[in-house]
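Asker: Listed here are the chains, written in short residue letters.
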Amino acid sequence: MTRHSGSLPMKIALVCAVLLLFLLGAILAGISMGSSGSALKTVWSSLFQDGGDAMQSAIIWRIRLPRVLLAALVGAALSLGGLVFQALLKNPLAEPYILGISGGAAIGAIIGILLGLSRIPGVGITAFLGSLATLLLILIISSGRAILVKDALLLSGVMINAFCTAVIMFLLSITQDARLHKIIFWLMGDLSASQIRHVGMLAAVLLPCFAVIFLYSNRMNLLQVGSDLAASMGVPVRRVTLVLLVTTSLMVSATVSQCGLIGFVGLVIPHLLRLIVGPDHRVLAPGCILGGGAYMVVCDLLARVLPAQGEMPGGVITAMIGAPLFIILLRRSKR
Amino acid sequence: MSPTIHVHGMHCAYPNTPVLRDLTFSVEPGDVFVIIGPNGTGKTTLLKVLAGLLPPSRGEILLSGHPLERIKQRQLSRQLAYVAQTIADDCPFTVRELVLMGRAPYLGVLGIEGQADIAIASQAIEFTGLSHLATRPVSHLSGGERQRAQIARAICQQPDLILLDEPTAALDLAHQVRVMELLVSLSRTQDTTVVMVSHDINLAAMYADRILLLVEGRIAACGPPRAVIDERVLCPAYGCRLRVDTSPWGAWPRVNLVKSR
Numbered sequence: 001m002t003r004h005s006g007s008l009p010m011k012i013a014l015v016c017a018v019l020l021l022f023l024l025g026a027i028l029a030g031i032s033m034g035s036s037g038s039a040l041k042t043v044w045s046s047l048f049q050d051g052g053d054a055m056q057s058a059i060i061w062r063i064r065l066p067r068v069l070l071a072a073l074v075g076a077a078l079s080l081g082g083l084v085f086q087a088l089l090k091n092p093l094a095e096p097y098i099l100g101i102s103g104g105a106a107i108g109a110i111i112g113i114l115l116g117l118s119r120i121p122g123v124g125i126t127a128f129l130g131s132l133a134t135l136l137l138i139l140i141i142s143s144g145r146a147i148l149v150k151d152a153l154l155l156s157g158v159m160i161n162a163f164c165t166a167v168i169m170f171l172l173s174i175t176q177d178a179r180l181h182k183i184i185f186w187l188m189g190d191l192s193a194s195q196i197r198h199v200g201m202l203a204a205v206l207l208p209c210f211a212v213i214f215l216y217s218n219r220m221n222l223l224q225v226g227s228d229l230a231a232s233m234g235v236p237v238r239r240v241t242l243v244l245l246v247t248t249s250l251m252v253s254a255t256v257s258q259c260g261l262i263g264f265v266g267l268v269i270p271h272l273l274r275l276i277v278g279p280d281h282r283v284l285a286p287g288c289i290l291g292g293g294a295y296m297v298v299c300d301l302l303a304r305v306l307p308a309q310g311e312m313p314g315g316v317i318t319a320m321i322g323a324p325l326f327i328i329l330l331r332r333s334k335r
Numbered sequence: 001m002s003p004t005i006h007v008h009g010m011h012c013a014y015p016n017t018p019v020l021r022d023l024t025f026s027v028e029p030g031d032v033f034v035i036i037g038p039n040g041t042g043k044t045t046l047l048k049v050l051a052g053l054l055p056p057s058r059g060e061i062l063l064s065g066h067p068l069e070r071i072k073q074r075q076l077s078r079q080l081a082y083v084a085q086t087i088a089d090d091c092p093f094t095v096r097e098l099v100l101m102g103r104a105p106y107l108g109v110l111g112i113e114g115q116a117d118i119a120i121a122s123q124a125i126e127f128t129g130l131s132h133l134a135t136r137p138v139s140h141l142s143g144g145e146r147q148r149a150q151i152a153r154a155i156c157q158q159p160d161l162i163l164l165d166e167p168t169a170a171l172d173l174a175h176q177v178r179v180m181e182l183l184v185s186l187s188r189t190q191d192t193t194v195v196m197v198s199h200d201i202n203l204a205a206m207y208a209d210r211i212l213l214l215v216e217g218r219i220a221a222c223g224p225p226r227a228v229i230d231e232r233v234l235c236p237a238y239g240c241r242l243r244v245d246t247s248p249w250g251a252w253p254r255v256n257l258v259k260s261r
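As given, the protein sequences belong to chains A and B, one line each in that order.
Residue 241 in the working numbering sits at position 241 of the first sequence, and the numbers go up by one each step.
Residue 253 in the working numbering sits at position 253 of the second sequence, and the numbers go up by one each step.
Because the hints were derived from the structure by calculation, they are not lab data.
Since the model is a prediction, treat every value here as computed from it, not as a measurement.
Treat the hints with care, as some may be off.
Partial selection, computed: residues in chain A whose CB lies under 10 angstroms from chain B [said to hold, decoys possible]:
1. Ile12
2. Gln224
3. Ala231
4. Pro279
Where a beta carbon is used, it is the ideal one built from N, C-alpha and C, also for glycine.
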């Protein structure tokens with residue numbers, strides 16, 4: 001997988017094949033391990049033989065499989081979201097969570113929940129509106145002259161995030177009923193309450209978004225070199241930027257409304273992949289989808305099996321891995 | 001044959017500030033055309049208007065006889081290439097990857113290059129003398145090498161016209177000459193029209209077929225080097241004392257600065 005060998009389609013195919021193996025391995029591990037501890041053999045027998053424990057097979061099919069598939073979708077969407085923001089804002093530290101896009105979507109989702117809307121599409125729509133609002137705010141802030149510096153964009157992201165957190169806390173504090181616990185757990189990145197039906201609906205939103213971003217991946221290469229240069233090479237810069245940002249917001253808000261705030265996935269995976277396969281977005285975009293999916297499945301697995309009793313939200317694990325990496329990247333980009 | 005560029009009565013303004021006023025000039029096919037002028041006089045703006053990156057507020061621009069604003073962006077990017085003054089310091093792509101991007105105007109929706117595109121990129125890399133650096137990231141190159149990589153990318157677009165914004169500004173003497181001779185050979189061998197902004201009047205005098213002197217958004221002079229590089233033209237334009245003589249090494253004019261005290 002060096003950067004210069006072979007043709008581009010070969011390279012894409014090779015990267016995808018390797019990462020697909022990772023993803024399938026992670027999914028298999030994800031459905032065969034858990035707090036009720038069934039082994040690979042049980043999965044095997046419930047998959048391919050009729051017999052086996054009915055209880056175990058219910059756990060695997062009704063509980064673990066939807067959860068693992070959800071994790072894969074969420075990881076893919078968040079990684080791809082990070083990749084798009086890093087390319088468009090020309091900032092290696094940009095990521096939906098760090099920029100506050102996820103926070104905005106969370107505010108929208110909570111408002112939706114408090115209004116008593118259904119998860120899909122009601123809460124999804126309010127989350128989308130929330131993420132668009134923060135996106136607009138970020139674009140307004142970063143289009144000013146004073147904020148061309150990279151750190152300023154991140155700082156304003158941190159501030160938007162702090163503001164979102166305050167609004168979320170405000171909304172929580174005026175919520176007195178049983179919904180409170182549910183909202184708090186969901187906020188921290190909870191993948192547990194997933195039914196296969198919800199996973200299917202999320203996939204119906206996310207998969208077209210993945211396709212759009214892949215189709216625009218070569219244009220992201222050109223945009224990363226510079227917007228004037230991209231325009232002079234035939235890229236309709238405004239339209240491409242708008243389509244990519246709105247698509248990404250849609251992905252992020254669909255993810256957030258389904259399973260809350262999961263941070264730093266969009267930081268870890270694109271950077272890891274860039275180190276291995278280089279900066280070409282035509283390779284990175286499919287790589288982020290498969291690799292991000294595998295990563296999130298593993299993080300969720302750790303969140304399920306690490307605690308001696310019960311489970312913890314998957315967002316805890318991704319933050320524990322991602323936040324230190326952010327600091328390392330920040331130090332490196334300063335040099 | 002219609003001129004590569006024909007500008008007639010063109011104005012351009014940013015909100016509340018006119019930048020270019022009533023420009024009329026032509027650039028003939030295959031010419032090396034250099035735009036000079038004091039700082040802040042609108043040279044870069046003019047180049048961006050010609051590249052279709054900024055709309056003029058008034059007037060007419062014809063590219064090979066066709067109105068610029070009616071040419072589709074993708075078609076335009078096959079006709080002209082634009083080389084910005086600098087490329088981002090952290091550009092992660094290798095020289096080969098950057099140069100291949102010049103094929104973008106010709107690619108399908110997925111943007112996957114074929115063998116022919118790769119061959120064209122290799123030729124452009126060879127033409128600019130970068131073969132030994134092809135697999136290096138652009139961010140690791142020196143200023144001169146980066147400039148040549150950008151020019152290779154522009155060549156890869158196979159345009160009739162290349163627009164360059166101060167391509168020699170950050171370069172040492174040897175690299176200035178190298179880049180200029182590269183551009184001249186491009187115009188002589190491939191018949192590519194080269195339009196560039198430069199601060200270096202002597203370099204312009206050596207290599208340009210025609211020079212346009214822009215002062216406060218207006219054309220102060222336009223013509224062959226001998227007509228523009230003249231004390232009576234340059235002294236008022238730049239507001240400083242200078243003497244023009246003929247270079248002892250060739251038949252082009254030479255500007256000599258004179259101490260103000």
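Asker: Was the hint right that Pro279 (chain A) lines chain B, CB cutoff 10 angstroms?
Answerer: holds (4 angstroms)
Asker: Is the hint on Gln224 (chain A) kept, meaning its closest Cβ partner in chain B is under 10 angstroms away?
Answerer: holds (8 angstroms)
Asker: Holds or violated: is the Cβ of Ala231 (chain A) closer than 10 angstroms to a Cβ in chain B?
Answerer: holds (6 angstroms)
Asker: Should the hint that Ile12 (chain A) touches chain B count as held when the rule is a Cβ pair under 10 angstroms?
Answerer: Since chain B brings a Cβ to about 9 angstroms from Ile12 (chain A), closer than 10 angstroms, the hint holds.
Violated hints for the displayed structure: none, as all numbered hints are satisfied.
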